[in-house]
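Using the hints provided, position chain V relative to the given structure of chain S.
These protein sequences, in sequence, are chains S and V.
At the far end of the first sequence sits residue 1069, using this note's numbering, and the numbering has no gaps.
At the far end of the second sequence sits residue 1069, using this note's numbering, and the numbering has no gaps.
These are computed hints drawn from the structure, not numbers from a lab.
All the given hints hold, so there is nothing to weed out.
Pairs involving identical chains hold if they fit within one copy or between any two copies, as the list cannot separate such chains.
Taking lysine-lysine and the DSS-like style, the derived pairs with C-alpha atoms no more than 30 Å apart in a straight line are:
no., residue 1, residue 2
1, Lys888, Lys760
2, Lys745, Lys878
3, Lys745, Lys888
4, Lys938, Lys987
5, Lys888, Lys774
6, Lys878, Lys1029
7, Lys938, Lys756
This one's a predicted model, so the numbers in the text were calculated from it and none came from an experiment.
2 protein chains.
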Amino acid sequence: MSAEKKLTQLSEVGEFGLIKLLSNKITIENKSTLKGIGDDAAVLDFSGKQVVVSTDLLVENVHFDLAYVPLKHLGYKSIVVNLSDIYAMNAKPTQVTISIAMSSRFPVEAVEELYEGMRLACKRYGVDIVGGDTSSSIKGLIISVTALGEVEKGKAVYRNGAKLNDILCVTGDVGAAYMGLQLLEREKQVFKTDPNMQPELENYEYLIERQLKPEPRNDAITFFAENGILPTSMIDISDGLSSEILHICEESNVGCRVYEDKIPLDPDTDRFARELNIDPSIAALNGGEDYELLFTISPFDYEKIRNNPVFSAIGHITDIERGTFLVARDESEIPLEAQGWRHN
Amino acid sequence: MSAEKKLTQLSEVGEFGLIKLLSNKITIENKSTLKGIGDDAAVLDFSGKQVVVSTDLLVENVHFDLAYVPLKHLGYKSIVVNLSDIYAMNAKPTQVTISIAMSSRFPVEAVEELYEGMRLACKRYGVDIVGGDTSSSIKGLIISVTALGEVEKGKAVYRNGAKLNDILCVTGDVGAAYMGLQLLEREKQVFKTDPNMQPELENYEYLIERQLKPEPRNDAITFFAENGILPTSMIDISDGLSSEILHICEESNVGCRVYEDKIPLDPDTDRFARELNIDPSIAALNGGEDYELLFTISPFDYEKIRNNPVFSAIGHITDIERGTFLVARDESEIPLEAQGWRHN
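Same shape as in the complex, but just chain S (with noise of 0.2 Å):
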């Protein structure tokens, strides 16, 4: 009780004062942000680069559950899915604007330490906060994040655009963060049962933190740009690679064949699936909350991201007509789904 004392009421600062609060911690850093918070809107200027913008809704006990995500993290994350769909334009980030609704339940400290979270994220990717609004809900809080982003024109790279024999590659590795959440919801139950248990979440550091704590994949933007590739079609992992690889050959109407054995996984994700009689590749297929970037890029250019660790070859691209396939290890083909995909 005591502790909770100290905390602060959203009513003692009410909305102009909790904005104000907000605001003053924020800082521009991009010469495109002309005026951020403040007036009626933000101004910007991209001398000439095309603007991509994205949006995304976060909602309490639909998207996240407070019980095991810090709201730092939370505020962390919040940024993150959306730059993500930014980078996978081929674009950078340049601006967010942030509305929040939240409930009287959370202290102005909440709501601080939500925004911490998400100042970090802005600045670890030179991101300018420009707006937003904040509101009370009657229940749970609502994250809503829009995301701007600038590009040198003919240089964003749609889901449309593979073409026969494209290399299907992936960044970094797949289905960490499906099986963190897994984790997370597991010591979750066990609390429950008994709340005076220790989380058994060693080993598992990585899991977590692909769940509770995503980096987008600037890094790879960065090195296309560096070596002046552009793969001609991109998407992020979010709903699960599988998922996506559907969506990059129906919007490019083309097939795909993508090799089991080639889908990076990181050993811990190997482990911790097997541990609860899961198979990984289910994980990584379906799994999703990766924020890896899936694209396609010319044989010509694989050459020149082959030997980048950052990358991995999964499968390539067929005619429609061959369809949309996985050959498993035992070298059968599996139609692969948007969701629910299972091994015969």
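Using the frame of chain S, we list chain V on its own:
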């Protein structure tokens, strides 16, 4: 019950189905929109113009009450409040992104109605819907809209440019939206007491319309452009005339004199305020949600607008030392307050 049977549960169509359903009806009208919905992000090209961006959050039972707000009107208004912010920068709105979280109590048809209102407002003001997100919520309906607009370099109008001797002007009339809200609240109470009572809304259609279906002042912005007028400062009236005047004075480091008898009131606002024993000037100064534009203009430019009935001069800018005052009808000077302004 039989009428309800025909409604479609959100779970029947799923998130992807809903997005497809809603985005099928969207058309692109702006040449700055290169790619709308359907990729990780929209791609826009403003051809060297500056970009303005603004965002607003509308939360059920905080910002609107579905007991008397039809969903189509709510959709329309949720777009208008954002466009109003863009016009208040002297810019032309071009794109919006729309995110919606709603509980499962809303059938698909309700979401379609909401979107119909949104599309109608976008069509009327030539704005493209280029992105968004939909999600379930634990409780209620939450709408987050981000609007983008374009403005020639040097033509954006901020809150902070008011100068000594500038004329303070307002478009249209003020206070009607607030009186419309009082009327709807009164009828809601009557309905609670006796659901068979017919609402007494006749003769006050204008007040209801101002509350439920406001329009932004694009006509003022067009008039400025066509007549080579650049206001020195501008803001839209969302929180009430008094609060917005203080924003301009504070940001511009100036004072003002506002004349009570110059504040434009619709006769219905005046009549219904008196019926409820509310001072009509208080409705105008504190009411809010008018979505009119408040601006300052140099005395030279004022000559260009004085014969246009859209605009009313309500006061002038003074030195900061002279403070911010309302000159009442009896010529007494009353300090302006952001909230809760009262006659002595």
